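Novice: Here is what each chain is made of, one letter per residue.
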Amino acid sequence: MKNGRHTRLIWLILMAACVLAPDYGQAKYDYIDISNPFLKKIPIAIPPFQTALGGDEAIVDAGDACDLLSETLNFTGYFKLLDQGAFLEYPGKTGIDAENIHFYNWTGIGAELLITGGISVSDGTITMELRLFDTFKEKLLVGKRYMSKPDNLRRMIRGFCSEVIFHLTGSYGIFNSKIAFVSTSPGHKQIYDCDFDGANPRRMTRSKSIALSPAWSSDGKWIAYTDYARGKPDLYIKHVTEKRGAVVSKDGINITPAWVPGKFSLAATLSFSGDPEIYLLTGTGKIIKRVTNNWGIDVSPTFSQDGREMAFVSKRSGTPQIFIKQLQTGQVRRLTFEGKYNTTPNWSPKGDKIAYSCLKNGHFNICVIGSDGEKQMVLTQDAGDNESPTWSPDGSLIAFSSTREGKSRIFVMTAFGTDQRRLLMMPGEQTNPEWSPDIINE
Amino acid sequence: MQKKLLGGVVFLMVIAGLIMLASCAKDAVQSTTPEEQTTEDADKKAEAEEAARREAGQRATEEDAIRQAKEAARKMFVSEDIYFDFDDSSLTSDAQEMLRQKAAWMRNSPDVLVVVEGHCDERGTAEYNLALGDQRAASVKAFLKDLGLTASRIRTISYGEEMPVDKGGNEDAFAKNRRAHFDIE
Numbered sequence: 372m373k374n375g376r377h378t379r380l381i382w383l384i385l386m387a388a389c390v391l392a393p394d395y396g397q398a399k400y401d402y403i404d405i406s407n408p409f410l411k412k413i414p415i416a417i418p419p420f421q422t423a424l425g426g427d428e429a430i431v432d433a434g435d436a437c438d439l440l441s442e443t444l445n446f447t448g449y450f451k452l453l454d455q456g457a458f459l460e461y462p463g464k465t466g467i468d469a470e471n472i473h474f475y476n477w478t479g480i481g482a483e484l485l486i487t488g489g490i491s492v493s494d495g496t497i498t499m500e501l502r503l504f505d506t507f508k509e510k511l512l513v514g515k516r517y518m519s520k521p522d523n524l525r526r527m528i529r530g531f532c533s534e535v536i537f538h539l540t541g542s543y544g545i546f547n548s549k550i551a552f553v554s555t556s557p558g559h560k561q562i563y564d565c566d567f568d569g570a571n572p573r574r575m576t577r578s579k580s581i582a583l584s585p586a587w588s589s590d591g592k593w594i595a596y597t598d599y600a601r602g603k604p605d606l607y608i609k610h611v612t613e614k615r616g617a618v619v620s621k622d623g624i625n626i627t628p629a630w631v632p633g634k635f636s637l638a639a640t641l642s643f644s645g646d647p648e649i650y651l652l653t654g655t656g657k658i659i660k661r662v663t664n665n666w667g668i669d670v671s672p673t674f675s676q677d678g679r680e681m682a683f684v685s686k687r688s689g690t691p692q693i694f695i696k697q698l699q700t701g702q703v704r705r706l707t708f709e710g711k712y713n714t715t716p717n718w719s720p721k722g723d724k725i726a727y728s729c730l731k732n733g734h735f736n737i738c739v740i741g742s743d744g745e746k747q748m749v750l751t752q753d754a755g756d757n758e759s760p761t762w763s764p765d766g767s768l769i770a771f772s773s774t775r776e777g778k779s780r781i782f783v784m785t786a787f788g789t790d791q792r793r794l795l796m797m798p799g800e801q802t803n804p805e806w807s808p809d810i811i812n813e
Numbered sequence: 002m003q004k005k006l007l008g009g010v011v012f013l014m015v016i017a018g019l020i021m022l023a024s025c026a027k028d029a030v031q032s033t034t035p036e037e038q039t040t041e042d043a044d045k046k047a048e049a050e051e052a053a054r055r056e057a058g059q060r061a062t063e064e065d066a067i068r069q070a071k072e073a074a075r076k077m078f079v080s081e082d083i084y085f086d087f088d089d090s091s092l093t094s095d096a097q098e099m100l101r102q103k104a105a106w107m108r109n110s111p112d113v114l115v116v117v118e119g120h121c122d123e124r125g126t127a128e129y130n131l132a133l134g135d136q137r138a139a140s141v142k143a144f145l146k147d148l149g150l151t152a153s154r155i156r157t158i159s160y161g162e163e164m165p166v167d168k169g170g171n172e173d174a175f176a177k178n179r180r181a182h183f184d185i186e
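Chains A and F, in that order, are what the protein sequence lines are.
Counting from 1 along the first sequence, just add 371 to a position and that's the residue number in our numbering.
Counting from 1 along the second sequence, just add 1 to a position and that's the residue number in our numbering.
Calculated directly from the structure, the hints in this document are not laboratory data.
Treat each hint with caution, since some may be false.
Said to hold, decoys possible - Derived pair list, reagent style DSSO-like, types lysine-lysine, alpha-carbon separation capped at 30 Å:
{"no.": "1", "chain 1": "A", "residue 1": "LYS579", "chain 2": "F", "residue 2": "LYS177"}
{"no.": "2", "chain 1": "F", "residue 1": "LYS146", "chain 2": "A", "residue 2": "LYS579"}
{"no.": "3", "chain 1": "F", "residue 1": "LYS177", "chain 2": "A", "residue 2": "LYS711"}
{"no.": "4", "chain 1": "F", "residue 1": "LYS168", "chain 2": "A", "residue 2": "LYS731"}
{"no.": "5", "chain 1": "A", "residue 1": "LYS778", "chain 2": "F", "residue 2": "LYS76"}
{"no.": "6", "chain 1": "F", "residue 1": "LYS177", "chain 2": "A", "residue 2": "LYS731"}
Stated by the list, open to error - Pulled from the structure, derived: some chain F residues nowhere near chain A, Cβ distances all over 10 Å:
{"no.": "7", "residue": "ARG60"}
{"no.": "8", "residue": "ASN109"}
{"no.": "9", "residue": "LEU114"}
{"no.": "10", "residue": "ALA127"}
These figures come from a predicted structure and were not determined experimentally.
Every residue gets a Cβ at the ideal spot worked out from N, C-alpha and C, and that includes glycine.
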């Protein structure tokens with residue numbers, strides 16, 4: 372039933388997608404400099420939408436739709452939203468297509484991009500037209516028309532935002548992704564997830580014990596985590612929507628899962644041998660092989676996007692430091708040398724960067740380092756303890772936990788440490804965020 | 002006839018006296034708890050009770066004392082945690098001394114199975130601390146094994162930083178939380 376509705380929605384969106392085909396003649400992606408897109412934010416104007424609501428106006432609020440579009444794009448950190456009070460023209464009244472727009476009214480207030488929107492409702496179906504313009508080139512960049520039921524408004528707006536970000540960066544971004552995290556709201560630690568922007572938090576696990584360390588498979592269909600449901604830390608591998616899965620319940624700890632990109636396979640730390648070592652497991656929980664072989668703690672694996680290398684935390688040099696193992700050759704190199712406590716590495720899904728938490732002067736901060744050990748940056752400072760960084764699927768943002776407001780909460784910032792903000796507010800404390808892949812064809 | 006009656010009354014009084022004496026002695030035994038035995042402010046009344054106790058049931062009290070001592074030893078085994086340094090799973094000399102006492106108790110209680118819980122302070126990351134807690138419990142188990150105890154009697158479980166005993170967030174609290182805790186299965 373639910374699937375049928377999804378299919379219909381996708382069909383509707385697909386049918387609509389090409390209606391407002393823009394001119395793709397010129398090179399894309401020259402709007403946002405991927406090397407540091409947050410240095411110069413692009414000034415963008417998003418004026419109120421045009422409305423032709425017909426009889427059932429109560430169904431949808433055009434103001435809410437415009438706000439949601441603005442907030443969704445603003446979340447990326449790429450844009451500077453211009454104040455609607457400064458606008459000289461109101462496309463919502465005068466027309467939302469290129470013919471009716473006087474681009475000098477927008478370049479005049481500094482806008483480089485302009486998004487116009489129109490909503491009409493008839494027979495309980497919303498039709499939404501959205502256009503992205505380059506105000507200097509006076510050109511339509513992206514134009515889409517969506518038709519669907521009102522409760523899919525959020526989905527339609529996210530679909531358009533994905534198109535905008537794809538046009539500007541060459542990647543679809545994050546708007547279909549979710550963030551899993553640990554929350555103490557039920558009185559003990561359980562796994563939750565929410566939309567990329569903190570909306571719709573939802574409890575995923577329902578045990579009476581402690582649940583920790585969620586990890587998404589790269590198709591977003593599976594989640595692995597540690598749960599004390601049987602009285603000890605076991606590894607649970609569960610399908611997100613179906614009642615399928617496996618439990619790894621060997622003696623000792625069964626913790627810190629991390630999926631191999633593109634495979635139904637994951638790494639985890641098991642200590643049944645008497646020592647915490649990292650093993651490669653099938654998605655059904657069978658051991659494929661032992662990956663680390665060293666007395667002392669080996670924990671928190673994370674894979675490079677091509678799956679050839681694995682970063683992890685090891686105490687082999689006396690203090691917890693991050694190491695990288697070349698899986699084919701078996702070669703291991705130490706990545707972090709600064710400080711006495713570097714843990715929770717997370718490999719960027721785009722590019723050779725690893726985020727981790729480092730202890731300095733008694734506080735944890737989020738750092739990023741190249742996989743070659745170069746270009747280390749500290750992204751948080753003087754803001755409580757900051758731990759467990761996780762990259763957004765496009766590598767543009769990092770979510771992490773922070774105690775800067777007292778209780779531990781989930782925060783988000785750009786990959787360069789700018790635009791730090793709290794992701795969501797809910798009872799209890801939240802830790803251990805884990806960003807899912809961007810699942811476009813959900 | 003009157004003489005006979007008088008004799009009966011005397012007899013009854015003697016019986017009643019004996020019963021009272023016996024119940025007094027019994028009471029004295031019951032009210033003598035180990036705490037009172039160890040306190041030094043024993044007055045004359047206590048001395049009298051002590052005498053009564055000795056007369057009435059020395060053996061019972063000794064058995065009681067042994068049982069109490071056993072219970073105390075068992076309680077001590079569970080209540081006394083051993084402590085670790087920051088980011089360290091090796092056993093300090095204090096910890097080793099305490100483990101020798103625990104091992105002695107385990108030897109005297111051959112039927113008992115124990116759980117060793119490894120805990121960490123809340124500094125550091127939760128993931129790493131789960132592994133550290135595991136190593137702490139493992140080093141305790143290894144030490145007890147070296148002292149001749151059967152490994153199968155000792156189960157380990159790591160709680161990492163998930164169950165602090167003191168949430169004070171200061172150095173004292175951290176030190177209390179870096180521990181191995183014992184339990185009896």
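Novice: Under the constraints set out in the numbered hints, which ones does this structure not fulfil?
Specialist: Hint check: 2, 5 and 10 fail, others pass.
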